[in-house]
Amino acid sequence: MKTIRASIIGFGAVGRGVAQVLLDKNDYLRSIGIDMKVIAIADSRTAVIDPHGVDLASVLSGKKETGTVGSETISGTEIIRTIDHELVIETTPTNIETGGVGLVNMLAAFERGRDVVTSNKGPLALKYGEVIAAAKRSGSHCRFEATVGGAMPVINLACDVLAGNRVISMEGIFNGTCNYILSRMMEEQAPYEQMLAEAQELGIAEKDPSYDVEGIDTASKLVIVANSIFGMNASYKDVTVAGITRITPEALSLANADGFAIKLIGEVNDGRINVAPKLVPLSHPLSVGGTLNVFSVQTDLAGPVTITGRGAGSIETASAILSDIISIYKN
Amino acid sequence: MRVSMDLELKDIPGQLVLALKPVSEFKGNLISVVHHHEKRTPRGKIPVHLVFEIKSDHLDNIISLLEESGISVVSVDEKRYLEHGAVILIGHIVHTDIQDTIDKIDNTGYAEVVDLNLAMPRINRPSSASLKIDAVSKEYLSAAIELLKSIAREKDLLVIEPIRVN
Numbered sequence: 001m002k003t004i005r006a007s008i009i010g011f012g013a014v015g016r017g018v019a020q021v022l023l024d025k026n027d028y029l030r031s032i033g034i035d036m037k038v039i040a041i042a043d044s045r046t047a048v049i050d051p052h053g054v055d056l057a058s059v060l061s062g063k064k065e066t067g068t069v070g071s072e073t074i075s076g077t078e079i080i081r082t083i084d085h086e087l088v089i090e091t092t093p094t095n096i097e098t099g100g101v102g103l104v105n106m107l108a109a110f111e112r113g114r115d116v117v118t119s120n121k122g123p124l125a126l127k128y129g130e131v132i133a134a135a136k137r138s139g140s141h142c143r144f145e146a147t148v149g150g151a152m153p154v155i156n157l158a159c160d161v162l163a164g165n166r167v168i169s170m171e172g173i174f175n176g177t178c179n180y181i182l183s184r185m186m187e188e189q190a191p192y193e194q195m196l197a198e199a200q201e202l203g204i205a206e207k208d209p210s211y212d213v214e215g216i217d218t219a220s221k222l223v224i225v226a227n228s229i230f231g232m233n234a235s236y237k238d239v240t241v242a243g244i245t246r247i248t249p250e251a252l253s254l255a256n257a258d259g260f261a262i263k264l265i266g267e268v269n270d271g272r273i274n275v276a277p278k279l280v281p282l283s284h285p286l287s288v289g290g291t292l293n294v295f296s297v298q299t300d301l302a303g304p305v306t307i308t309g310r311g312a313g314s315i316e317t318a319s320a321i322l323s324d325i326i327s328i329y330k331n
Numbered sequence: 001m002r003v004s005m006d007l008e009l010k011d012i013p014g015q016l017v018l019a020l021k022p023v024s025e026f027k028g029n030l031i032s033v034v035h036h037h038e039k040r041t042p043r044g045k046i047p048v049h050l051v052f053e054i055k056s057d058h059l060d061n062i063i064s065l066l067e068e069s070g071i072s073v074v075s076v077d078e079k080r081y082l083e084h085g086a087v088i089l090i091g092h093i094v095h096t097d098i099q100d101t102i103d104k105i106d107n108t109g110y111a112e113v114v115d116l117n118l119a120m121p122r123i124n125r126p127s128s129a130s131l132k133i134d135a136v137s138k139e140y141l142s143a144a145i146e147l148l149k150s151i152a153r154e155k156d157l158l159v160i161e162p163i164r165v166n
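Going down the list, the sequences are from chains C and Y.
Start counting the first sequence at 1; every next residue gets the next number (our numbering).
Start counting the second sequence at 1; every next residue gets the next number (our numbering).
No lab work stands behind these hints: they were computed from the structure.
Note that the Cβ used here is the ideal one computed from N, Cα and C, for glycine as well.
Be a bit skeptical, because a hint or two may be false.
With a cut-off of at most 20 angstroms between alpha-carbon atoms, the simulated SDA-like pairs for lysine to any residue come out as follows [to be verified]:
hint: 1; chain 1: Y; residue 1: 155; chain 2: C; residue 2: 245
hint: 2; chain 1: Y; residue 1: 149; chain 2: C; residue 2: 282
hint: 3; chain 1: Y; residue 1: 155; chain 2: C; residue 2: 282
hint: 4; chain 1: Y; residue 1: 132; chain 2: C; residue 2: 169
hint: 5; chain 1: Y; residue 1: 132; chain 2: C; residue 2: 72
hint: 6; chain 1: Y; residue 1: 132; chain 2: C; residue 2: 272
hint: 7; chain 1: Y; residue 1: 155; chain 2: C; residue 2: 256
hint: 8; chain 1: Y; residue 1: 132; chain 2: C; residue 2: 281
hint: 9; chain 1: Y; residue 1: 149; chain 2: C; residue 2: 2
hint: 10; chain 1: Y; residue 1: 155; chain 2: C; residue 2: 240
hint: 11; chain 1: Y; residue 1: 149; chain 2: C; residue 2: 246
hint: 12; chain 1: Y; residue 1: 132; chain 2: C; residue 2: 2
hint: 13; chain 1: Y; residue 1: 149; chain 2: C; residue 2: 330
hint: 14; chain 1: Y; residue 1: 155; chain 2: C; residue 2: 258
hint: 15; chain 1: Y; residue 1: 138; chain 2: C; residue 2: 2
hint: 16; chain 1: Y; residue 1: 149; chain 2: C; residue 2: 245
hint: 17; chain 1: Y; residue 1: 138; chain 2: C; residue 2: 242
hint: 18; chain 1: Y; residue 1: 138; chain 2: C; residue 2: 323
hint: 19; chain 1: C; residue 1: 2; chain 2: C; residue 2: 281
hint: 20; chain 1: Y; residue 1: 132; chain 2: C; residue 2: 256
hint: 21; chain 1: Y; residue 1: 138; chain 2: C; residue 2: 330
hint: 22; chain 1: Y; residue 1: 21; chain 2: C; residue 2: 253
So the derived label-pair ranges between C-beta atoms look like this [said to hold, decoys possible]:
hint: 23; chain 1: Y; residue 1: 27; chain 2: C; residue 2: 164; range: 48 to 58 angstroms
hint: 24; chain 1: C; residue 1: 160; chain 2: Y; residue 2: 97; range: 14 to 24 angstroms
hint: 25; chain 1: Y; residue 1: 124; chain 2: C; residue 2: 283; range: 49 to 59 angstroms
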């Protein structure tokens, strides 16, 4: 049995999902020789630290009741710097302008020789090369499946499962909010503004939806895919981006009459990274509805491989984080 | 372009090979060859129907080579546009001179707008249109769509193009 001491930095929907999943899967993890011990949890204001292992159930219920994780006021970054542990689970909110506290946390973790598993897109979309180089220097693992496609295995599919294949190009739908709005506009023949309002009411879209609907979220994910799967050295500014705000219900009907759906498609092809609404034949595997995400890679040996799944959600994203943790420590 | 051709061969050995040679010499891609050995023309010759793809400037050379070899070329039918594409446009399509947008594609000589469906919900609201474009080849269809995208940038229109289908 290998004991892995971990911190969870960031305790929003994803961080809580990770705590829940670690609780639920504790027996399974032990059965494959991994003894996960969460020694610290921090949100943006408070923290809890226990070198013998934090009681995850009580922190989860405490967070629900009081909105805080504990009584300590030490920051996540300080925990990473000062408390001895092996794995930092970085789930702070993403910042696409500067990389935010997530970037600081990741670099601090590598400085101390700790491994990082993260769902935080910002730092990797902005400074992929710097982050990976820092991890390499310290011999740390850095895994980030949860940054792209939520529950869908994207990076691990292309890099591990399809190992030996050369990935020629890839395309997909990486934003459930946009997919929901476009699907509903088509169903109801309703304008964009109305279906955005519905999505906001259901909690599918944020109050400020620009990050999703302008294609910024999809673009950030594509940068990570381009760098990790295609070995590019791209950053957010290399992506040509168009969002869905100009799509009209009439355009959706005209497309439908010709046998197409309109979807916000992200693609990496021939060294180009592109986000734009595209016509997708209704019978094509990429034509999935609702909040679903879908991802298709063209490979030299296996041909096209397409998977679809939930692109967001607390437990779904935690599932990707768990798979990264297991792949680091199972051997 | 795709060419469909009716030939008449003499009923002596080696004629079919002679008929196919010019097509292959000019790097044509044969799609089908139907050799009607049982049907004789009134002149006692054997009708052959060929379909092949070829760069348009080579067609005349092929016809002269065939005639030089004593093969009669009875009819030639060219189908210029092989590729069909569809795009959606959104924006002030009519007020930004729709005729000019279409003319610029038609004037390329390799592509044409063959169908247009327009929806104009209300004055001052953006219109939507579906445009069908025919082009001489896949490459030229992409070139026509790229041209449309550059026109659209000037006119602040959004072009929604199809995904690549493998």
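Results of checking the hints against the structure:
1. Y:155 / C:245: Given that 20 angstroms is the threshold and the Cα spacing comes to 18 angstroms, the pair holds.
2. Y:149 / C:282: 24 angstroms, violated
3. Y:155 / C:282: 29 angstroms, violated
4. Y:132 / C:169: 27 angstroms, violated
5. Y:132 / C:72: Status violated; Cα separation ~64 angstroms.
6. Y:132 / C:272: Violated - the C-alpha atoms of residue 272 (chain C) and residue 132 (chain Y) are around 26 angstroms apart, more than 20 angstroms.
7. Y:155 / C:256: 25 angstroms, violated
8. Y:132 / C:281: OK: residue 132 (chain Y) and residue 281 (chain C) at ~15 angstroms, within 20 angstroms.
9. Y:149 / C:2: 57 angstroms, violated
10. Y:155 / C:240: 19 angstroms, holds
11. Y:149 / C:246: 16 angstroms, holds
12. Y:132 / C:2: 62 angstroms, violated
13. Y:149 / C:330: It is violated: about 50 angstroms lies between the C-alpha atoms, which goes past 20 angstroms.
14. Y:155 / C:258: Given pair residue 155 (chain Y), residue 258 (chain C) is violated - Cα atoms ~25 angstroms apart, limit 20 angstroms.
15. Y:138 / C:2: Not satisfied, since the Cα-Cα distance of roughly 57 angstroms exceeds 20 angstroms.
16. Y:149 / C:245: It holds: about 18 angstroms lies between the C-alpha atoms, which stays within 20 angstroms.
17. Y:138 / C:242: Violated, at about 25 angstroms.
18. Y:138 / C:323: Violated, at roughly 42 angstroms.
19. C:2 / C:281: 50 angstroms, violated
20. Y:132 / C:256: Holds. Residue 132 (chain Y) to residue 256 (chain C) sits at ~14 angstroms (cutoff 20 angstroms).
21. Y:138 / C:330: With Cα atoms ~49 angstroms apart, residue 138 (chain Y) and residue 330 (chain C) exceed 20 angstroms; violated.
22. Y:21 / C:253: Given that 20 angstroms is the threshold and the Cα spacing comes to 50 angstroms, the pair is violated.
23. Y:27 / C:164: 48 to 58 angstroms: Once the Cβ atoms are compared, 36 angstroms apart, the range 48 to 58 angstroms for residue 164 (chain C) and residue 27 (chain Y) is violated.
24. C:160 / Y:97: 14 to 24 angstroms: 53 angstroms, violated
25. Y:124 / C:283: 49 to 59 angstroms: 37 angstroms, violated
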